[in-house]
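Number of protein chains: 2
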Amino acid sequence: MAHKVKFPQYKKEVEVADNSDLLSAVIKAGIEIRATCAGQGTCGACKVQVLSGPEGYFASPSPWISKDEKKAGYVLACQTAVLGDLTVEIPQDTKLEKIQAVGADREDFEDTENIPGTTGQPEKTSFTCQPLARKIYINIPEPTLKDTTPDFERLERELSAKTGISDFNINLPLLRALSRFIRQSNWEVTAGIAEFNSDFEIIQLEAGNTSKNAYGLALDIGTTTVVVHLIDLNTGQITASKGTYNLQMSFGEDVITRIMYAQEKDGLEKLTKAIHDTVNSLIHAVVSENKIFNHDILCIQASGNTSMTHLFLGINPEYIRKEPYIPSVNLPTTVYACELGIKINPKGIISCVPGVASYVGGDITAGVLACGMQDSAETSLLIDLGTNGEIALGNSDWIVSAACSAGPAFEGVGIKSGTRAVDGAIQEIEISADKKQVKYETINNKKPRGICGTGLIDIPAELLRKGIITRDGKFNGEKVSPRIRRNEDGELEFVVVYAPETQSGKDIVITESDIANIIRSKGAIFLGIQVLLQEMGLKFENIGKIYISGGFGTYLDVEKAIMIGLLPDLPRNSFQFIGNSSLTGAKICLLSKQAREKAKETAGKMTYIELSVNPKFMNEYTSTLFLPHTDINLFPSVKNQLK
Amino acid sequence: MAHKVKFPQYKKEVEVADNSDLLSAVIKAGIEIRATCAGQGTCGACKVQVLSGPEGYFASPSPWISKDEKKAGYVLACQTAVLGDLTVEIPQDTKLEKIQAVGADREDFEDTENIPGTTGQPEKTSFTCQPLARKIYINIPEPTLKDTTPDFERLERELSAKTGISDFNINLPLLRALSRFIRQSNWEVTAGIAEFNSDFEIIQLEAGNTSKNAYGLALDIGTTTVVVHLIDLNTGQITASKGTYNLQMSFGEDVITRIMYAQEKDGLEKLTKAIHDTVNSLIHAVVSENKIFNHDILCIQASGNTSMTHLFLGINPEYIRKEPYIPSVNLPTTVYACELGIKINPKGIISCVPGVASYVGGDITAGVLACGMQDSAETSLLIDLGTNGEIALGNSDWIVSAACSAGPAFEGVGIKSGTRAVDGAIQEIEISADKKQVKYETINNKKPRGICGTGLIDIPAELLRKGIITRDGKFNGEKVSPRIRRNEDGELEFVVVYAPETQSGKDIVITESDIANIIRSKGAIFLGIQVLLQEMGLKFENIGKIYISGGFGTYLDVEKAIMIGLLPDLPRNSFQFIGNSSLTGAKICLLSKQAREKAKETAGKMTYIELSVNPKFMNEYTSTLFLPHTDINLFPSVKNQLK
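Protein chains in written order, with the numbering used here: chain A, 17 to 659; chain B, 17 to 659.
With the rest of the complex left out, here is chain A (with noise of 0.2 Å):
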């Protein structure tokens, strides 16, 4: 027996079996939710209202829902078995919102690498441009009883001529059509060439000069967001950008969860099937409003974590999650788009950054591509600031790189008033010198909706330096402010915006726990800083250029972030902001056989410091567990504002 299941804000209606759970309705309806635990219940994130009345479901008991909240219909999603025809709504705050690349709101990706804002552009290494593919006019010559050069050795010759490769592949079914198609085209013809593994092979053949009409995608999978730049493949320019959510969101919002549902039954195939689909919804939108036709996207170069490529190229990614941490494959093998079904040429090919170790991936490779640090003789150090918090400490001879399990606070995930960098998210506030009134900015100066990464990096600090929190993260009493109050669950917290002013209607606030997150965080990634240094002998003040890359770097205050001990206290002009730089560094790659080359040897290079076995990280890391530190004289200009 089925039910209906309608959602009249999307004016969409799925059947489902009796007793399914209601989050696979949703997620059948194409409903993009938040669902942080893959549904086992326990973040609350799917919470929905059905409105049809409770003789249709049954929803386990939760902590999410309130009494309330169980009268007005609400359910988690994931706990609910449909038993009849339903009608539900999404509430705003379960809903992914669109858009949502970051930055893409700001700068629509015309100019990722050059980021405004930041305090200087990061070296880049010049890469003589020899796209992963490309389109070729050929007039052949046509043959003669004193030239019998057959025909495909004959267009080999040609292209040859053109671009200084010696030998082509061929797939058998273009070989088969070859003879007739280029008499049929008057010996006039285009081909689309690309570089597989590393062989070069003619994967398409067009009649007349099409070669204007050459683009690939740079491609950037992040746990969170998945953004493309279509790329003219003649010019190198970036013809349009697009990012959203990935759909594997809808399967758990960390990467260790996704890892574990690909376990489950079917569990890998649709991990795979969501990321196909979110880079799918991305090549739509872009083909569609730049008119272009699919098949002129001849390939793909995509950048990712460890985890996220193999779920996109449908690898299982079982033994990463389990000691010693293995992936399957750091350099894998390119595939022909049509083996992933992804929506461009058929015959195009998909290539990704090598990666280096299971939790540092091709999106870090990239991003030292990116900042060039594997070509500069000074020592940098590159602080991804994404879920895991991945650095890279290194020069032109050696790179050493960890993973810092900082977790996804400054995702706004496990915050209690956290959100992403979307519209109406808090990046920055300001107290009254009486500590009653709080001025704040959102993103596109919307409602406020919730506190994202740079707010939470922001709020800490400016409560420290208030003197409304200590040092340990704690509030300095609770009389300090009018704001600071006792919650629900006995715990202090910090209104930040009170509930008239919001989007929801409720208050947004500031809890010690999520203080105690945040410094949780900062402190793994500082402390990953310090391991690096160790390792290779070196002290800060040996750093020459701290690059800081992720959305999240886009709107980061140096200032605030040195303040809570997130950055190391050097020089403000030792740090520059780069951007995405996962996706800058897939576009260098896409565009750049030399970058492709430097990226495998920089990949092979670099060396993965396994931080969770490491001693110096286990015993020091409480040290890291104050504002900015337990040794304060690591931070002199902190401790002089603090004074």
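Take these hints with a grain of salt, some might be off.
Stated by the list, open to error - With the C-beta cut set under 8 Å, the calculated list includes, among others, these residues of chain B facing chain A:
id, residue
1, 166
2, 168
3, 185
4, 186
5, 329
6, 330
7, 332
8, 335
9, 343
10, 345
11, 346
12, 624
It is worth saying that the hints were derived from the structure and are not from the lab.
For every residue, glycine included, the Cβ atom is placed at its ideal position computed from N, Cα and C.
Once you've looked at the hints, dock chain B against the given chain A.
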């Protein structure tokens, strides 16, 4: 409306649509018959007998069916429409005999390179062994926290250590399965690796050590016969050999007829399926007789003329036939067995020996490699006596080649009593001094059924030596032997064997037009040799070695071949028979990477001379239409004998 057609000899019955042609019914039943002209009604080869009365069919009148035959129900299958249920008998002469891989009946291919009766071994170049594919057993060190190399790179590392090959490709499905598989196999696996174009690919993984079960096939795709060696890739030894007719024979006996057939609706598909069916039947035979598994055959090195190679790969050969005679490809891409439906390991690879031009194919490159001509300072000549008569002349500095358009006379085609080298084929005759008696030898001493290639050289030579014919190939009057008579066409013919002694109960004869036909064939080859010599400014005495290949060559009497002017009058120890050199060359390439590279290099440096537009070939052709030649001084030893 459908009709049933029964073939009681084969216990087969098929249903065909009303008004279908009977040849299609025969093919549908899987019965192999001769159909030289591919259904045009011109060759008379597909003669069958309808046993069930004239009411069920309509046969177009044919010069090949006598009145008596018509009464007895004889029809040309291709010219007969099926109008009712039929019972059909296939006469002995119409059948394609089993085996027929020339030489297979004698040697069972145990030792193709050492054909008995040859005057010595070819000067073999020694090639280092590195087969096209092989199996490597590896015991992979398990990963630890100190050695976190990913699974694929770990596998690659061990394979590199064992093979010296640094990079391996892997297909996506295998990469997806890799991590679980190697753990389930307790880190002990056998990898099947193959050379795919210029790369190496892991095509298979098996648990434990299965490395001893690794086979490859050397495959000679002849226009008429197809032969395989099953080769143990560990030892390089031939495990088994099989030959059979090319099932394409039902669509025409010669290459040109088949190319034309390929232009008809579904023609290419049928021809390609026919050769695939042929190869699969050979594989089935060697696999079942030797109790091995299809998936343990990892690779095929195929060799054939350019048209056969095209059809095997499903490439339309149409421009091979049209001036300026252009193949689609000389060096085809490596393909997976599954792309062609060839029943070895589906990811097993198929590589074809590269060809030189439309009428000098990979079989000739293989032949050059087999005789070692390309590595010898001395100039040698290779004569491949197949349907076309291809020749190559050269040394380590240069090689020139040509196709002589000799026609299929030496294959018994177009000769009144001609047959292939099957049981009962006459190979040799001796005529008594009184010219009344004929002693003959047949293959396997079976009752004579016709004259095969060796006999067609032997008989004119013997007739000439005994003065029964003159040097212009005409009978020396009707009275010179009682065996000379004028046949129903008013033509003179010599009875080799009278009806009572023959298989068919009909006289076996050689007619004046048969002799003219043979003279044209031998003349084309001899003149081809002259043209190549002239192109290089050389004379016959500059040729150090003459290698004769083709199944035909196995029993060839050099004395007689010189007598009729097929071979030049050179010291008898210059001649060497090298058997099926296409197959031998394929085997060498299967086993040695060095040989495969040499084959590419050799094919690349071989110059093709198009005889059909060569002035000498056009002008001097008539001078070759004598026995042995108009200018008998070119044949001093024959001049002596004929004195």
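Structure-based check of each hint:
no., hint, verdict
1, 166, "holds (4 Å)"
2, 168, "holds (4 Å)"
3, 185, "holds (5 Å)"
4, 186, "holds (6 Å)"
5, 329, "holds (7 Å)"
6, 330, "holds (6 Å)"
7, 332, "holds (7 Å)"
8, 335, "holds (5 Å)"
9, 343, "holds (4 Å)"
10, 345, "holds (4 Å)"
11, 346, "holds (5 Å)"
12, 624, "holds (7 Å)"
In this structure, every one of the numbered hints holds.
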